[in-house]
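S.K.: As a plain string of letters, each chain reads:
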Amino acid sequence: MKEQWRLIETGDNTAFTNMAMDKAVLVSISRGKVPPTVRFYRWRPSAISIGYFQSLEEEVNLDICKNFGVDYVRRITGGGAVYHEKELTYSIIISESHPKIPKNIMESYRIICGALIKGLKNLGIESTYVPINDIITNGKKISGNAQTRKEKTVLQHGTILKDVNIEKMFFLLRVPNEKIKDKLIADVKERVTSIKHVLEKEISFEEISTAIKSGFEKEFNIELVKGTFTEEEEELTKKFEKECFSTNNWNHRR
Amino acid sequence: MKMISRSIYKVPKGKLLKIRLNYNEKTNSIDEISITGDFFAYPEEIIDFLENELKGTLLDKEIIFKKIDSIIKERNIEFIGVNVEGLTKGILMCKK
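Sequence lines, in order, name chains A and B. Using my numbering, the first residue of the first sequence is number 1, and each one after it goes up by one. Using my numbering, the first residue of the second sequence is number 1, and each one after it goes up by one.
Chain A on its own, in the form it takes in the complex (with noise of 0.2 Å):
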């Protein structure tokens, strides 16, 4: 029999309950609770999330976020800053010690990559894996990963885009030349792309999480089972939060 891991689709959340439960499902696996986890989830109200070592106030027009009702949040990983929006995002968490994960961090990126990259082929998109965070289609990026590994556990999330909208993403982010905005956004435009793009129409959420799921299941040779959290997942969420990603001290700490 096959080894089951475990899988959660939670829909849409906020921004901050996204990064908390993340971060709980991290705390549960270190602690040995629960198995491997895939999650599948999405943002509501639409968010940007910034890479841990990134400056806030450098990198996001606070004031169109606040005016727009577009939240912003601070990520456990590395990283640069990303608009979610119409998109799917996943995470994964495994123990370090799991012998199906790489210990070298490069490699492990290009693993978990590679579920994704099985699972866009399953919806007709062919696509590669390109060091040191990205997933790209016909030169475009299609996807944007980020890992850290905390507690002896490794956690990557990333999104899968399904639609882009470049011109509001720069509406939102800050850049360092404003000058040179309008050609920053063309050239993100030939760069970036979108399951919408590639395939010419509008495809269902159901239909990329179920693309994606089977990605991981067969990438990693094992099988994904619905499930949902354990109580103490659903305390830490709350609990992180609360006390972290909502918080000012947390967001605006560079």
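Nothing false has been slipped in among the hints.
Some, not all, of what chain A presents toward chain B, calculated at C-beta under 8 Å: (1) S55; (2) E58; (3) I132; (4) R149; (5) K150; (6) P176.
Which bits of chain B does chain A cover? Going by a derived footprint, with three or more residues having C-beta under 8 Å, they are: (7) 33-47; (8) 72-85.
Calculated directly from the structure, the hints in this document are not laboratory data. Given the structure is predicted, the values throughout are model-derived calculations rather than measurements. The beta-carbon is built from N, C-alpha and C at its ideal position, and this holds for glycine as well.
Put chain B on the given structure of chain A with help from the hints.
M.R.: Below, chain B without anything else, positioned relative to chain A:
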């Protein structure tokens, strides 16, 4: 004379490093430094530690390189998208 400066440096084959530096022009040393950007470091806490350790350090290429290099080797730090050369360069680019 207290100087406040910043730099943006794209690490070759890596990420964008953004550094803010307060330094003393007279002693040519770091008062306060903030290292930000879209890079990765494992474990992440090392960046706070480095910022603290760099306080008072002379703004000299070799001294800064050696200081960061010895800390990351000692503590088994893994950088992705940034490296000791890039950090050193980003810091010195802040010097007017």
